[in-house]
Each structure stands twice: as C-alpha cells, then as structure tokens.
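Trainee: The residues making up each chain are set out below.
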Amino acid sequence: MTEAVHSTLVDKTEPRSQWLDVWDQFRHHRGAMLGMAFFVFILLAVFAGPYLWTIDPQYIDIRARSQGPSWGHPMGTDQLGRDTLARMLAGGQVSLAVGISAMLLALVVGALIGVLSGYFRLLDGPLMRLTDLFLALPLLPLLLVIIMLFRDTLRSAFGPETGIFFLIVFVIGITSWMQTARIVRGDVLALKEREFVIASKSIGTSPFRMILRHILPNVLSPITVSATLGIANAIITESALSFLGLGFPSDFPTWGRLLYDSTDYLQQYPERVIWPGLAISLTVLSVNYIGDGFRDALDPRIRGR
Amino acid sequence: MFHYTIRRLLLAIPTLLVISLIIFLLLDLAPSDPTANLPLTIPPEVREKIRESLGFNEPVHIRFLLWLKQFFINEPLNVIESWLGLEQGDRLRVLSWQTRSPVVDLIVQRLPQTLWVVGMSYVVGVLIALPIGIYSAYRQYSWFDQIGTLVSMIGFSVPTFFTGVLAIVVFSVWLGWFPSIYDTTHKVTDWDSFLFQVRQMVMPVCVLALFNAAQISRFMRASALDNLNQDYVRTARAKGVRERSVVLIHVLRNSLIPVVTVIALGVPQIFGGAIITEQIFKVNGLGQLLIIAIQGGDVPTVQTLTFIFAALIVFFNLIADMLYGLLDPRIRYD
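Going down the list, the sequences are from chains V and D. Residue numbers for the first sequence follow this note's numbering, beginning at 1 and rising by one. Residue numbers for the second sequence follow this note's numbering, beginning at 1001 and rising by one.
So that you can see chain V by itself, here it is in the shape it has in the complex (with noise of 0.2 Å):
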C-alpha cells in the first residue's frame, strides 16, 4: 500500500490535490455531468432570464387570458392573462432559493451539531438524543402546523412575501439536519482517534482551531454529498407545501403554488400543469444525479477506477 502511494507520487510530474482527482473522476459519471450542465442552465435561466424575458409577471392583460403558446407568450398565459414563461422564470427564482438557504441552513445545524458531538464525548448523549427526538418528529405534519399557525405573525412582522420565506426557509432548514448530523457524527469518531489528530493535539492544539484545520476539511466530502440531495428535499418540500396550499401568496409565484393554481383548470386547460411539474421534477432528478456523481466521486474505494 505505501509502495504503491509512493510509486504514484513519484510518476507524476505535477501535484494533484484531493479535489481534482474527485472532479477527474465526477467527470466520468455522465448522469452526474448531465445533471450538473440542466442544473447549471436551470440556474442561469431563472437569475438570468428575466433580464432577457422582460414581461413583468405580475402584468395582468385580461384580454390575452388562457392563451396557448405562441411567439409572444412561448408557455401561454394564465386564467388573468399573466405570461406564463415570466411567471415559470419567477417562480424558479423563488423555489431556487428557498431550496439553496434552506440546505445552507440545514447543512450548518447538522454540521455543528454532527461536529460538536463526535468531539466532545460530554455532548455526545443529550445531542444525539436530540437528534433522535427529531427523527421521531411527523415532519410534514409538523411543517403544515408551524406554517398555518405562525403565518399571520410573521406576515405582520416582515411583510408578506419575505415573512414567508423565513418561515419556510426556517422551517425546512430545521426538520431536515439529523441526517446530516448523523453521518458527521460518525466520521468525526473516526477522525478522533486517528494520528494526525492526536499529534495535533499533543503540541496543543485548541478544540476550537483542531475542528477548523482538521476535523472540518475531512468531513467536507459527506458534507457536500448531503448539501446536494438537501437542495433536492428543500425543493420537493416547498413545492408540497404550496401545492398543498400552504406556502407562498398566490400572487408570488413559485413552481409548486403554479402547480398548485394549474390545477383548477385541469379539465380545460390540462397542458397548463406540464410546465412547473416538470420544471420541478427535472431540477430535482439533476440534483439527485449530482449527489450521485458527488458521492461517487468523494468515495475513494470507487476513485480511479
């Protein structure tokens, strides 16, 4: 084994860090690279776009009501004459970025919390309990009652559309950090015990700088595996709570509240419910094949194969 480290190290001309071996062999998972190409064009069409597409979404033109595609409205319009691509546009920024903050938030609580018990064995029983207590919740049961009861509040407090974004964004991040934790938990006992650290540690090193310069960098790669498919479950979550009537206003569109609105009109205007249901469907399946790639590539029993 230390031959053959060895023998590597010597045949190559440049030095290769860990991340570009992991993007050498991401580059290998052609699902993960489709995902990564529909992800990153999903992205640029949303934030980019409506630079592009101007029509503003809100603009009502009753005369232009329930119109199929066309040159000027590529997605039809609405029951209200509202541009249906503007509002697609719209809605993904929405959906997007509850999806990413409610990951990042996700991702720091089960981070910390995975961190701080691995490490500190005193710690170690009240958070897993806690994580445990969590995992026993009914979430979306849960998430429908927090939402229906703390709406009106929040509304009040920070105005109705960024009020619900908190609330939803909170929300998801906080009933969806125990995996997270669980697995960071498990390689940080690992960590722990290995000789770099306890080298680390008998020159002195503080817990809080041995967690930042050690421990951390190598719990990244399920970090990033987990962050991925949590974009995935913030996405579907949100899009089940509007869809269930529970999310944003329907003035402010998201893909799942235009799913939701397109419903009405399933008898008549049964084309109307495609748009969202896919766009919501193919940023998720692209995530998931992300996270695919990700851990495939962070795995180094399957690296260099």
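Bear in mind the hints are in silico, worked out from the structure with no lab data behind them. Bear in mind that the values here come from a model prediction, so they are computed numbers and not experimental data. Zero decoy hints are in this set.
Stretch by stretch, here's where chain D covers chain V in the computed footprint (C-beta under 8 Å, at least three residues):
1) 128 to 138
2) 146 to 157
3) 226 to 240
4) 266 to 272
Backbone N, C-alpha and C fix where the C-beta goes; we use that ideal spot for every residue, glycine too.
Based on these hints, arrange chain D on the given structure of chain V.
Mentor: The following block gives chain D in isolation, referenced to the frame of chain V:
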C-alpha cells in the same frame, strides 16, 4: 433480546411524552383562536362562554395533563369496555373543536380509506421493488439495470403531486379510463361495484407505489450486490448448487435482512406522505382530516393525530431494530 426490548419500550415512554409536549406547546404558542371561524354576529360574551366550554381558558399545564389523561387513560378504557361488551363509562373523551365529536371516533372513521389506498400502495410497491432490485443486481450494468436505475431515479425525484396530477390528466381527462376523484361512500356489493372500486383505486395506488418502489428497489439492489460478491456465494456455486437456488435462496434471504428493516422504517411515512396523495385524489383519509383540522384551528384533533404519527414512527423504529436482531444472528443486543 428480551431485556433489550423492555429497555427500548421503557425509553420510548419519555420520548413520546416529550414529543407530545413539543406538539402541545407548539400549538399553544400559536396565536390561533378556535372561535375565529364562527359567525361575527356571535356576541363577545357568548364567544367567551364557547371558549370556556372548550377548556381554552385553563392554564397550559392543566390542559396538557388533561389531554394526557383523556388520551392515555380514558380512551383505552373505552376501547377495552367496548371489546368486552360492557356499558361505556361516562368519561371525558378528547373532543374535536370542529365537530364536537370524539377525535378517536373521527380517526376510526377515516382509517380504512387511508389503510386501503396507502397500505395497498406500499404492498404493491414492495412487491414490484424486490424482483427489480434482485434482477438488476444480478445483471449489474445490463440494460435492465440501467433502465431500472433511471426509472427509480425518476421515481423518487418526481414528486407525487406531479405524477398524481399527470396521471389524472392522462388517464381521466384524456383517456377517461379512471375517475379522478375517489368516492369513499362507494360500497362494494356485487361484481360491478367491485370493479368500480378497483378502478378508482388504481391511480392513487400506482402513483404512491411508484414512489415507494423506487426507493426500496435501490436498497434491494445495493444489498443484493453486497451479497453476490461474498465468499459463501462462490462456495455455493463451486459445490454445484443450481444458479436459481444460489440467487433465490442464498442471496435473497441474506440480502433481505437490511431491506426488511428499511421497509419497516418506511411504514410510518406512509401515513405522513399520504397527506399529499389524499389531497390530489380527494380521498378523505387521515391526511385530509389533519389538513381540515389544521385549517380550522382544531387543536385536539391536530394534537392527537400528530401524536399518533409520532408514536407510529417510534414504534416502527423499535420493530425495525428488533427485526434486525431476529433476522441476523450476528447482531445481538445483550
């Protein structure tokens, strides 16, 4: 094993108590008023009386203890009495604020629909998933495996509220094969009504089954792959066991161990996840009861239902751990 079970059961009691307290405090913190939905013409004094009759003005800890007593002492006693055919005692039951009828009765009314539609979909999902998982592991990287991977990826990426709506568009709006609304008042009396029942169940069951099968088939494949490379499989082949017995007896049995626990862990999610499917197909099951109760600010119903969901999760976690110990002799908890 026995000691372990007892210990876990004892540990489940404080967990459930804390969960019910969390749910209770959450509901209590919220600024909701059970009389908000009543007509505005009701004078404030009467409104106050209504609140009093609902027990809304008592302090928090009294209401929580009262709920505990009603749910854990009174309701089980009622059930026992009705089993034994005794006269029902006059006890205070958990009453819904919306209908003023006992919550447990409401749940008993709604349970069959949920169990039929959602439980059936789980069974169908498992039955589809196991052969697919085994075969795609046996022929790893074949076209069957590739397609299986793609389908299962799609299955758990596409949310049920899209597949459900899509199924309605295609099969009820365009083709007109199945009704889009689940008729719960329908009674099965003869062959025709049975066919109707089957037809209205096809879409919700299939939509949920696809989602469940996608996840379970992945686990099955991974677990079968692990086992196919083990030494005992090579030994079995070397001593001339037929390929069919190697796969269907040796590998299948061993690879089912982790899958069975995954299946057990997934059972409580049936009830939670069914909320959306029930909403799409208008099935008036438990999920729909919960949604109505949330919208109406009906605290006792919401409290009881969420607590039952939580209890199911804790219970099936325990079952999964027990199964693991029973099926795999290498795992012993004592």
